Amino acid sequence: MPEAVAKIGIKIIVNGKTCSLSVEPRQLLVELLRETLDLTGTHVGCDTSYCGACTVLLNGKAVKSCTVFAFQADGGEITTVEGVEKSGNLHPIQKAFGEAYGLQCGYCTPGLMLSTFQLLSKTKDPTEKDLRKAIAGNTCRCTGYQNVLKAMTFAAKAMKESNGHQV
Amino acid sequence: MIMSETQKQKWVGKAVPRKEENRLLRGRGKFADDLKLREMVYLRFVRSPYAHAKIVNIHTSAAEALPGVVAVLTGAEIASQTQPFIEIGPDPCAKIKDYPLAVSKVRYQGEPVAAVVAESAALADDAAELVQVDYEALDPVVDAEDALTDKSILHEEAGTNRIWNGVFEYGDVEQAFKNAAYVVQIKKMHFHRFSSTPLETNVVLAQWDNKDDRIYYWCNNSFPSFAIQFLAAHLGVHIDRIRVETSDIGGSFGIKITSYPQMAVCALASKKAAGRPVKWVETRSEHMTSSAHGNERTFRDTRVALDKNGVITAIASRHIDDCGAYPRYEPLGCVIWSQVFAGVYRFKNARIDFTQAATNKCPVGPNRGYSRMQHLWFLERVVDICAHELKIPADEMRLRNYVRPEEFPYTTPNGCVYDSGNYPKMLEVAKKLIGWDDWKKKQEKARAEGRLIGIGIGTTLDSGTNNFGQSQIVNPGAPFSGNSQGANCKLDIYGEVVVAVGSCPQGQGHETTAAQVVADVLNISPDLITVRTGFDTERNVHTGFSGTYASQFAVSGLSAVHGAAQKLKKEMSRLAAFTLESKEDDVEFGVGQQGPELRANGKSINYWALANIVNVNSAVLPTELHEITLNCRYVWRAPFKVPDKQRKYGNLTLTYASQLHMAVIEVELDTFIPRILDYVAVDDCGTVINPPIVEGQVYGATAHGIGAALMETCVYDAVGNMLTSTFSDYTPITAVNMPKVKYGHIETPSPHSYSGAKGMGEGGAAPIHTISAALQDALFDQGIFIEDSFNNADAIFRAVVGREHGQAANLVKLEKRA
Chain B
0 MPEAVAKIGI KIIVNGKTCS LSVEPRQLLV ELLRETLDLT GTHVGCDTSY
50 CGACTVLLNG KAVKSCTVFA FQADGGEITT VEGVEKSGNL HPIQKAFGEA
100 YGLQCGYCTP GLMLSTFQLL SKTKDPTEKD LRKAIAGNTC RCTGYQNVLK
150 AMTFAAKAMK ESNGHQV
Chain H
0 MIMSETQKQK WVGKAVPRKE ENRLLRGRGK FADDLKLREM VYLRFVRSPY
50 AHAKIVNIHT SAAEALPGVV AVLTGAEIAS QTQPFIEIGP DPCAKIKDYP
100 LAVSKVRYQG EPVAAVVAES AALADDAAEL VQVDYEALDP VVDAEDALTD
150 KSILHEEAGT NRIWNGVFEY GDVEQAFKNA AYVVQIKKMH FHRFSSTPLE
200 TNVVLAQWDN KDDRIYYWCN NSFPSFAIQF LAAHLGVHID RIRVETSDIG
250 GSFGIKITSY PQMAVCALAS KKAAGRPVKW VETRSEHMTS SAHGNERTFR
300 DTRVALDKNG VITAIASRHI DDCGAYPRYE PLGCVIWSQV FAGVYRFKNA
350 RIDFTQAATN KCPVGPNRGY SRMQHLWFLE RVVDICAHEL KIPADEMRLR
400 NYVRPEEFPY TTPNGCVYDS GNYPKMLEVA KKLIGWDDWK KKQEKARAEG
450 RLIGIGIGTT LDSGTNNFGQ SQIVNPGAPF SGNSQGANCK LDIYGEVVVA
500 VGSCPQGQGH ETTAAQVVAD VLNISPDLIT VRTGFDTERN VHTGFSGTYA
550 SQFAVSGLSA VHGAAQKLKK EMSRLAAFTL ESKEDDVEFG VGQQGPELRA
600 NGKSINYWAL ANIVNVNSAV LPTELHEITL NCRYVWRAPF KVPDKQRKYG
650 NLTLTYASQL HMAVIEVELD TFIPRILDYV AVDDCGTVIN PPIVEGQVYG
700 ATAHGIGAAL METCVYDAVG NMLTSTFSDY TPITAVNMPK VKYGHIETPS
750 PHSYSGAKGM GEGGAAPIHT ISAALQDALF DQGIFIEDSF NNADAIFRAV
800 VGREHGQAAN LVKLEKRA
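As given, the protein sequences belong to chains B and H, one line each in that order. Quick note on numbering that gives the first Met the number 0: the first sequence kicks off at 0 and runs consecutively. Quick note on numbering that gives the first Met the number 0: the second sequence kicks off at 0 and runs consecutively.
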């Protein structure tokens, strides 16, 4: 059993909102998001960074929040699935997942969409290999990935057509 | 009613967007772990590191002394307050004393021995580490055939590891062997243990409320009406005192049917914690070691009789099923496979001697394709091996043995009735999609270059809507038969159409398809219909069979929804006829300027006005219309009879969806890595309610099958340590391993559902059969028989090495009669 340890003060921006918090050193980022900030759209599936259900963007980079300590995010900017839509309008990636039937139970979907977000923010014309590699760290047990890849293709097209702006 | 046929089918059969999407895409899904309650505490299990050991002592005082610890529970304490769980099987199975925490001994690695409840999840983790258990190790048995020797017995009270045995014999097997032109013998085959591992693990939030002495559950169990029957008897409470609610569920694939022992512990822990709500969230490693795995099965001494044309006339075989440490949902699996006793084939004579054994491994549970996929794999191996021995091409062999399209409805040797199907047509569609002739040419060329390329066919069945009477074949005293599902359809006070169903979907789109069905009945858009899915005992729509399992919603669920909607429609018509001064038959359903309405005599009344009369303006109602409530519950019952227990004969499932898959696989010469070069999945689930939803189910089931065939296996070492207890070890299939699937479908409508739909979703594990067949085709020339359902590079390497050491000899024998 760990000895009682002093909490650590951190400051993070989550979905555009600044939060000053004090965290246990052992607290994981995903626990902070789900339990402290009640952002329950980020999920836990495997506890060991295989499945990517806990994927969020930390400073624009997709990370597995079950393998990041909360204090490691200090000073960082985080986007979770709840922060992807803008003023109630779905992001093209969200729309594409819906249109392509790219989800079933929806448990892995937030992570898959954020991995897609990372890919499409860098690559405008992804190849099929790019798409598959981008979600290699996201396990989906329902869809067999076929419609997820379709959704990613739809999203890439929509984002390219709108020149990166939300449509 | 003046609704044309086209209007009636305006929504069913269309790619209606899923109603579930809005919340799920926005991170607003409501999964079990998302809920928090006032005064909630957290539970952590202490688990056995041994596969088989006596519990000598459990020291809980250090854990109890830790500040923030609320309660510690042990098996002995639970046993003193509860009854053991009901066993489904007769003696010796019925003698087993199964409690949700181990009492005097542990029987598999990961079995819970104590539970710790604390103010936070982290504190519960800390406290669990302070519980010290003294064990005295016993000999573990990890192999089912070893277990049957009873050298080391798991359940002393049962006196044997033999959980169940029964002989399924039909026709005249011996005569068929006497008349055979060929007899093929296959010494041993083995179907491996794996799990479809839903991405969301089991979660239970329970409260044994001391204010009203009721037990409340918010959880993700996928067959709650079954769970509460087990829980009420175990906890000694009236079933009405238990309320279960489920909301969004992150996959189940059958596995989450088995969470009732953990549900029991959480309720008892809440009681001990003075009624505080207790939450348990399973870790992935707990899920891998101790939730449930699929049934492992060994096929021994198989003999197949064939006539001179390669038509199978009889099969005789001995099957040994491994149910792990506790039978739990078993031995139902000992009869469920017989829903597809004959697979897609016409043979009339067969004898299967079926035994189930307990071993020191994780208990098994219903896993997508439950108990049938093992048998279907066995039959497909038999067909391919016989074809090879008789030098008949695999496609031709199937055409000679398939049940023919004109034979439907087809009664199998054990009395099951296949409702509809067209297997030769599926073969034709699949061949066209994959480019069969092209691949045959390429294969020939590649073989000439020394490359190993195989083309495999897997034909399989997804039997849906169980006749629970089959439980009586396992246990003549079992009080179950038939099947039913309930639904409620109402026009609420302000005229809203609200539908409730007793299912608990995990991504199958029940909200959408139920709305499509009601939309067609009322001639309005599905957008105007609210559907409540997810289980809630208090909604009072469920029956004893309600849940989401065994490929049946399109039949049982939607038939119940359709029945409830028809009832509501009838009531609305009567009421409208009264207010519009018209005849019921002249009332038309449609949408006007003020929304959904009913019209007749050039007048109309909208839904709000109708609902108003019944609910808050009832003085205007004449007495003859007082029975109208606009709140219509309908229970759909499947037209089943109780099977003949002695003969093990009867119709066990209502619909038989079928799948035909084809794969082209190359085995790399240096690495033995099998690579899928092409893959086709053809599906027939009768009339399709929502095409993209069905297509999605096919892709998902295909991924599970491909994963199971090439990547996913539950490995135990000789002393029962589970070696694949994390995803990193178990390696569920990912986007980089999953090939592109070419999808095709045909429709042979079922006569048993109002819409012609068949249950689907499990997919019969077609890829496992197909990949075994393709690998077999690639490796026959090397003298290798595919005898196991799991074939990664390592397994193929071992098969090749085994062949080099002469182990493959005598595995298959062909006897040609005069």
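In case anyone wonders, no lab produced these hints; they're calculated from the structure. Some hints could be false.
Unchecked claim - Some, not all, of what chain H presents toward chain B, calculated at C-beta under 10 Å:
id : residue
1  : Arg-27
2  : Arg-213
3  : Phe-229
4  : Ser-251
5  : Arg-283
6  : Ser-480
7  : Gly-481
8  : Ser-483
9  : Val-697
10 : Thr-701
11 : Ser-727
12 : Thr-733
13 : His-744
Quick caveat: nothing in here was measured; it's all calculated off a predicted structure. Ideal Cβ placement from N, Cα and C applies to all residues, glycine included.
Hints, one by one, checked against the model:
| no. | hint | in the structure |
| --- | --- | --- |
| 1 | Arg-27 | 7 Å, holds |
| 2 | Arg-213 | 26 Å, violated |
| 3 | Phe-229 | 25 Å, violated |
| 4 | Ser-251 | 9 Å, holds |
| 5 | Arg-283 | 4 Å, holds |
| 6 | Ser-480 | 32 Å, violated |
| 7 | Gly-481 | 29 Å, violated |
| 8 | Ser-483 | 26 Å, violated |
| 9 | Val-697 | 8 Å, holds |
| 10 | Thr-701 | 5 Å, holds |
| 11 | Ser-727 | 5 Å, holds |
| 12 | Thr-733 | 6 Å, holds |
| 13 | His-744 | 14 Å, violated |
Of the numbered hints stated above, those contradicted by the structure are hints 2, 3, 6, 7, 8 and 13, listed in ascending order.
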